[in-house]
Each structure stands twice: as C-alpha cells, then as structure tokens.
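Asks: Residues per chain are reported as follows:
2 protein chains.
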Amino acid sequence: MNVTILGNNSALPAFGRHPTCQAVELSSEIILIDCGEGTQVQMQRYGIKWRRVHHILISHMHGDHYFGLPGLLNSMSLQGRKDELHIYGPQQLEPIVDAMMHAGGHQFEFPLHFHTLPDGAGVISDGTYFKISCFPVQHRIPCHGFVIEQKNARRRLLIDQCEAYGIPKTFYGPLKLGEDYVAPDGTVVPNELVTAESLPPRRYAYSADTLFSDSYLPYIQNADVLYHESTYLHADVEKAVARFHSTSMQAAQMAKMANAGQLLLGHFSSKYKDITPFQEEARTIFENAMATIEGTTYPV
Amino acid sequence: MNVTILGNNSALPAFGRHPTCQAVELSSEIILIDCGEGTQVQMQRYGIKWRRVHHILISHMHGDHYFGLPGLLNSMSLQGRKDELHIYGPQQLEPIVDAMMHAGGHQFEFPLHFHTLPDGAGVISDGTYFKISCFPVQHRIPCHGFVIEQKNARRRLLIDQCEAYGIPKTFYGPLKLGEDYVAPDGTVVPNELVTAESLPPRRYAYSADTLFSDSYLPYIQNADVLYHESTYLHADVEKAVARFHSTSMQAAQMAKMANAGQLLLGHFSSKYKDITPFQEEARTIFENAMATIEGTTYPV
Chain A
91 MNVTILGNNS ALPAFGRHPT CQAVELSSEI ILIDCGEGTQ VQMQRYGIKW RRVHHILISH
151 MHGDHYFGLP GLLNSMSLQG RKDELHIYGP QQLEPIVDAM MHAGGHQFEF PLHFHTLPDG
211 AGVISDGTYF KISCFPVQHR IPCHGFVIEQ KNARRRLLID QCEAYGIPKT FYGPLKLGED
271 YVAPDGTVVP NELVTAESLP PRRYAYSADT LFSDSYLPYI QNADVLYHES TYLHADVEKA
331 VARFHSTSMQ AAQMAKMANA GQLLLGHFSS KYKDITPFQE EARTIFENAM ATIEGTTYPV
Chain B
91 MNVTILGNNS ALPAFGRHPT CQAVELSSEI ILIDCGEGTQ VQMQRYGIKW RRVHHILISH
151 MHGDHYFGLP GLLNSMSLQG RKDELHIYGP QQLEPIVDAM MHAGGHQFEF PLHFHTLPDG
211 AGVISDGTYF KISCFPVQHR IPCHGFVIEQ KNARRRLLID QCEAYGIPKT FYGPLKLGED
271 YVAPDGTVVP NELVTAESLP PRRYAYSADT LFSDSYLPYI QNADVLYHES TYLHADVEKA
331 VARFHSTSMQ AAQMAKMANA GQLLLGHFSS KYKDITPFQE EARTIFENAM ATIEGTTYPV
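Residue numbers (this note's numbering), protein chains in the order written: chain A, 91 to 390; chain B, 91 to 390.
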C-alpha cells in the first residue's frame with residue numbers, strides 16, 4: 091500500500107500547490123481520497139490511471155475537497171469507461187453531481203453508485219483486499235476522516251527458492267495466493283517452501299479537515315501512516331481554532347497519542363510559501379513526520 | 091482590447107492543454123469568457139487579476155466551459171472580495187452554483203448577480219466602455235456565442251505635442267477623455283491640439299461550441315477578431331458534425347464569410363498532440379488565422 095499526494099494545499103491554490111487529493115494504491119486498486127479542482131490533470135501529471143479507480147471518498151462539502159469530481163467523472167465517461175465506480179460522501183453530493191450531469195446532457199455509460207456516509211463512524215466498504223471505514227472529525231460543516239486497511243495481503247515470494255525449484259515466473263501470482271506448484275512431471279512443491287508469511291496488514295488513516303480533538307483518536311490508533319491536516323504553523327493556532335483547522339504541532343501531538351508509525355502533513359494554508367517549517371515544527375514532538383510534496387508517493 | 095487564452099482544449103485535458111477560458115481585457119476591466127476547470131490556477135499563472143473581473147460569460151452547460159466557476163468564486167470570497175460580480179449564463183447555472191455554495195456553508199460577502207441568457211440574441215450588458223451581446227449557435231445543448239464591443243474609446247495622446255505644451259503626465263488621463271488643459275498661468279491648451287481621434291471601436295466575437303452554420307453569421311459580421319472553435323481537422327469532419335463541433339477549415343470559411351479581421355482557433359480535441367496543422371489548414375482559406383496558444387495575449 092502507498093499513497094501519492096496530488097494536492098497538499100488548502101482552499102486557495104498557491105505557489106503551484108493544489109487543493110486536496112490523494113491516491114491510495116493497494117492490490118491492483120487505486121482509491122481516491124478527496125478530489126479538489128484539477129484532480130484529473132494532477133492524475134495525468136503523476137501517472138495515476140483513472141481506470142484503476144473504483145472508489146472515491148469525499149470527506150466533506152467544502153469545494154477544495156470535491157470541485158474536481160464532476161470533471162473527472164465527465165472525462166472518465168469521454169474515455170469510454172464501462173467499469174462501475176463507487177463514490178462515498180455527504181448526502182448533498184449526489185444531487186449536485188446529478189444536476190451538473192443533467193444540465194450538460196451527459197449520460198454515463200458506466201454504473202455510478204453514490205453511498206452516503208453515516209452520521210458517525212462505520213465501515214463503508216469491505217472487499218477482498220481492503221476495508222474502508224469512516225469516522226467523524228470536528229470541522230465547520232460535517233466532515234469525515236477515513237481509514238483504509240489492507241486485508242488478505244499476499245504471501246511473499248522467496249525468489250531464490252522459487253528459482254531453485256525451477257518454478258516459472260508465470261506461476262508467481264498463484265504462489266502469492268498460497269497455491270502449491272505442480273511441475274510438468276507431477277512433482278508437488280509445497281507453497282511454504284517457496285513463500286513466506288505476508289507482512290501484517292497495513293493501515294492508512296486520513297484526518298480530513300479538523301480541529302485538534304481527541305474525539306477521533308480511537309479511530310486512528312496505531313495507524314501505520316497517519317495523514318493529518320496542518321493548515322497552520324502553531325504561531326497561528328488562534329486562526330486554526332477559529333477556522334476549525336489544526337497546526338503542525340497539533341498534528342504531531344495527535345500522531346504521538348495515536349502511536350502512529352509515520353505522520354504526513356498537508357492542507358497547507360496559502361499564506362505559507364515555504365512548507366519546510368511545518369515538518370521542523372512537527373518533528374519537535376513526533377520524529378517521523380513529513381511535510382508532503384505533491385507528486386510524491388509515500389509507502390504505508 | 092486584447093484577449094488572453096487560458097484554455098485552448100476541448101473537454102478532455104491533454105498535452106498540458108486546459109478546457110476553455112478566455113480573458114478579454116479592455117479599459118480597466120477583464121471579462122472572462124467561459125470558465126473551465128482550473129481557470130483560477132491559469133489566471134494566477136498568466137497574471138490575470140481576479141479583482142479586475144466583474145463580468146463572467148458562460149456559453150453553455152457542458153462542464154469544460156464552467157466547472158472552474160465555483161472554485162473561482164470561492165477563492166474570490168476567501169481573498170475578501172467586496173466588489174460586485176455579474177455572471178451571464180444558462181438558467182441552470184445559478185441553482186447549481188447556489189447548491190454548491192449552500193452545501194459548503196459558504197456565504198459570499200460580495201454581491202453576485204446571475205443573469206439568464208435570452209433564448210435568442212440580445213444585448214446582455216451595456217456600460218460606458220463596452221457592450222456585450224450574445225447570440226445562439228448550434229450545439230447539442232443550448233449554447234450562446236458572445237460579441238464584446240468597445241465603446242467610447244479614449245482619444246490618443248500626441249506625446250510630442252503634449253510635451254511641447256509642457257502638459258504634466260498626471261493630466262494625460264483627462265486629456266484622453268477629451269478635457270482641455272489649463273496651465274497654472276491660466277493658459278488653455280485645447281484638447282484637439284494634443285490628442286487625436288480614438289481608433290474605431292473594436293469588436294471581438296466568440297463562437298463558443300458550434301456546428302458550422304450560417305445561422306450566426308449576422309452576429310459575427312465584420313468582427314475585428316473572431317474566435318471560432320475548431321475541435322477537429324477537416325479529415326474528421328464527420329466526427330465534428332456528429333458531435334456538433336466544427337473543423338478548422340469550417341472555422342476559416344466562417345471567418346471569410348464574416349469578413350473578420352483575424353481568426354483565432356481553439357477547443358482542440360485531445361486526439362491531436364500537435365495543433366499546428368489546424369493553423370495550416372485554416373490558412374488555405376483564410377490567411378490571418380492563428381492556432382491559439384495558452385497564455386498568449388492576442389490584440390483585438
């Protein structure tokens with residue numbers, strides 16, 4: 091699992107930074123989290139394939155988190171998409187997107203399913219390879235964070251062993267799923283001789299836009315990677331509180347309390363040209379903190 | 091008067107090209123024509139000041155012509171705009187923008203006036219320095235082109251004469267408006283000695299998205315500059331017809347029939363990487379044709 095940051099800025103685009111969008115890649119899937127204006131162009135720029143996306147999560151109805159969604163859907167349709175797509179978001183989202191598509195006379199040829207986020211926390215998607223949950227955070231309007239959790243991670247190949255037993259590379263896929271290899275002469279190579287246990291399933295937590303509050307701490311506990319917004323530096327904590335946002339110091343405090351493995355910072359206010367102070371400030375409290383850079387992929 | 095092309099591509103962004111947006115500058119005003127996704131970022135990139143914009147014209151409800159509007163309005167609000175703004179577009183536009191702002195809990199502190207375009211042609215704004223008209227074109231959904239016409243262009247300074255009469259530069263503004271200069275000793279310098287007639291008022295015509303048709307020819311007649319969409323090269327004329335678009339050859343034919351001074355081509359399909367063939371094809375019929383480049387300013 092990894093996450094590519096497509097937009098690391100808050101609402102007002104500045105210094106070449108874009109509004110929020112992230113692409114979480116796991117198994118063969120890409121899950122988009124939020125979809126600020128320009129998402130489709132950022133995806134093109136950083137090689138995130140639209141066809142691999144079947145799930146889009148929208149945290150709340152501030153424009154910098156979803157104004158890029160209609161354009162992306164439209165472009166998917168123009169490119170002849172047939173695969174179904176699931177969108178999870180606030181209940182106001184579907185009628186707005188419907189009205190835009192209706193006004194444009196657009197009809198999608200792919201099945202588009204809207205799922206309204208619950209008022210509280212809950213599992214919103216549970217498939218073979220991952221589970222997605224949402225949890226409420228504290229923002230000016232209703233807003234949800236998300237947790238994406240790996241499931242049934244595949245076994246790890248012991249390449250030297252595979253080669254020693256002469257297993258063809260075309261069988262590496264079934265090996266990862268736990269199958270034994272049967273050679274042309276009928277010899278069986280038991281799976282456990284050529285693979286190892288998968289790594290423990292990974293968890294990615296996304297705080298969305300929120301005030302610093304321990305109300306959502308239980309949901310992000312022990313995340314391998316926590317993305318936490320840090321719109322402001324702590325010198326501007328009063329602004330952060332007034333606008334229902336957090337500072338980098340608060341994000342670091344949250345990562346520490348949650349016992350997270352790594353902290354990714356983003357949603358930087360356009361008042362800051364240089365974002366390195368966010369990282370420096372957070373590291374005074376939580377060492378493994380990164381001020382995210384657009385186009386960069388962070389392993390979870 | 092001049093026009094800066096902020097997006098020269100059709101719906102699907104490609105090769106670094108963006109969906110339609112143009113900034114027409116005249117007097118101290120900037121009039122935006124269409125507002126595809128990413129308009130606010132393109133405006134920042136090319137130094138088009140949001141504060142100078144008081145009129146936005148939306149030709150039709152295909153997303154590549156207005157999906158950038160909500161984000162721009164939002165950003166104007168975040169920047170503390172107080173000046174009024176007039177938006178002219180199809181009647182579906184206002185409720186969609188309203189729903190988006192309501193869902194986000196946004197309240198603008200600037201007066202925002204929506205004006206519904208008439209079914210046919212008509213004058214939609216008539217001020218001191220310019221007049222804006224709209225006219226119906228032939229697209230898959232209702233769509234309007236626009237004509238922007240200069241009014242009361244200012245007199246031209248005869249700099250040598252101004253200097254010979256010792257007129258201070260601070261008085262050049264009133265001179266352009268036709269005022270006589272009164273020197274500190276009471277001597278009057280008549281305006282006509284130091285200025286010349288203004289140039290004839292200029293006309294810019296914008297075809298929006300349309301099939302080739304002489305139905306709108308009367309409205310664009312004698313435009314100094316005609317922007318005409320040319321989504322396809324003429325080899326793809328069947329595609330153009332099927333999708334209610336035009337080819338560069340048809341655009342050139344229209345410019346010739348309209349007796350336009352110059353033809354600007356745009357709304358290029360994402361199937362073409364190189365757009366120079368559009369210009370070459372158009373010039374076989376109409377010499378003064380340009381395939382527009384994003385970020386370039388064309389004098390009208």
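Everything labelled a hint here was simulated from the structure, so no lab data went into it. It is possible that part of the hints are untrue.
Pairs involving identical chains hold if they fit within one copy or between any two copies, as the list cannot separate such chains.
[To be verified] Heads up, simulated DSS-like pairs for lysine-lysine below, C-alpha to C-alpha not over 30 Å straight-line:
no.	residue 1	residue 2
1	329	361
2	172	361
3	329	139
4	241	361
5	361	139
6	266	361
7	172	363
8	329	346
9	221	363
10	221	361
11	259	346
12	172	329
13	241	329
14	172	346
15	329	259
16	266	363
17	363	241
18	266	241
19	329	266
Asks: Hint by hint, note whether the structure agrees.
Replies: Hint check results:
Within a single copy, residue 329 and residue 361 get their C-alpha atoms as close as 12 Å, which meets the 30 Å cut-off; across copies the closest is 47 Å, which misses it. Taking the closest pair of Cα atoms, residue 172 and residue 361 come within 30 Å of each other only across two copies (20 Å); inside a single copy the shortest separation is 42 Å, beyond that limit. In the homo-oligomer, the alpha carbons of residue 329 and residue 139 lie at most 30 Å apart only across protomers (26 Å), although the nearest pairing inside one protomer, at 38 Å, exceeds that limit. With identical chains, the CA atoms of residue 241 and residue 361 are never at most 30 Å apart, being 40 Å at best within one copy and 40 Å at best between copies.
For a Cα distance limit of 30 Å, the shortest separation of residue 361 from residue 139 across copies, 18 Å, qualifies, whereas the shortest one inside one copy, 32 Å, does not. Taking the closest pair of Cα atoms, residue 266 and residue 361 never come within 30 Å of each other, the shortest separation being 48 Å inside a single copy and 40 Å across copies. Taking the shortest Cα distances, residue 172 and residue 363 sit within 30 Å of each other only across copies (25 Å), while inside one copy they are farther apart (42 Å). For a Cα distance limit of 30 Å, the shortest separation of residue 329 from residue 346 inside one copy, 23 Å, qualifies, whereas the shortest one across copies, 59 Å, does not.
Taking the shortest alpha-carbon separations for residue 221 and residue 363, neither the intra-copy value of 37 Å nor the inter-copy value of 40 Å comes in at or below 30 Å. In this assembly of identical chains, the alpha carbons of residue 221 and residue 361 never lie at most 30 Å apart, being 36 Å within a copy and 38 Å across copies at closest. In this homomeric assembly, residue 259 and residue 346 never come within 30 Å of each other (Cα to Cα): the closest approach is 43 Å inside a single copy and 64 Å across copies. When the C-alpha separation of residue 172 and residue 329 is checked against a cutoff of 30 Å, the pair qualifies only between copies, where the shortest distance is 22 Å, while the shortest distance within a copy is 45 Å.
In this assembly of identical chains, residue 241 and residue 329 lie within 30 Å of each other by CA distance neither inside one copy nor across copies; the values are 40 Å within and 46 Å between. Within a single copy, residue 172 and residue 346 get their C-alpha atoms no closer than 44 Å, and across copies no closer than 43 Å, so neither meets the 30 Å cut-off. For the identical chains of this complex, residue 329 and residue 259 are neighbours neither inside a copy (57 Å) nor across copies (45 Å), given an alpha-carbon limit of 30 Å. Taking identical chains as interchangeable, the C-alpha atoms of residue 266 and residue 363 are never at most 30 Å apart, the minima being 46 Å within one chain and 41 Å between chains.
For the homomeric pair residue 363 and residue 241, neither the shortest alpha-carbon distance inside one copy (39 Å) nor that between copies (42 Å) is at most 30 Å. For the homomeric pair residue 266 and residue 241, the shortest alpha-carbon distance inside one copy (14 Å) is at most 30 Å, but the shortest distance between copies (74 Å) is not. For a Cα distance limit of 30 Å, the shortest separation of residue 329 from residue 266 qualifies neither inside one copy, at 50 Å, nor across copies, at 47 Å.
The structure fails to meet hints 4, 6, 9, 10, 11, 13, 14, 15, 16, 17, 19 from the earlier list, while all remaining hints are met.
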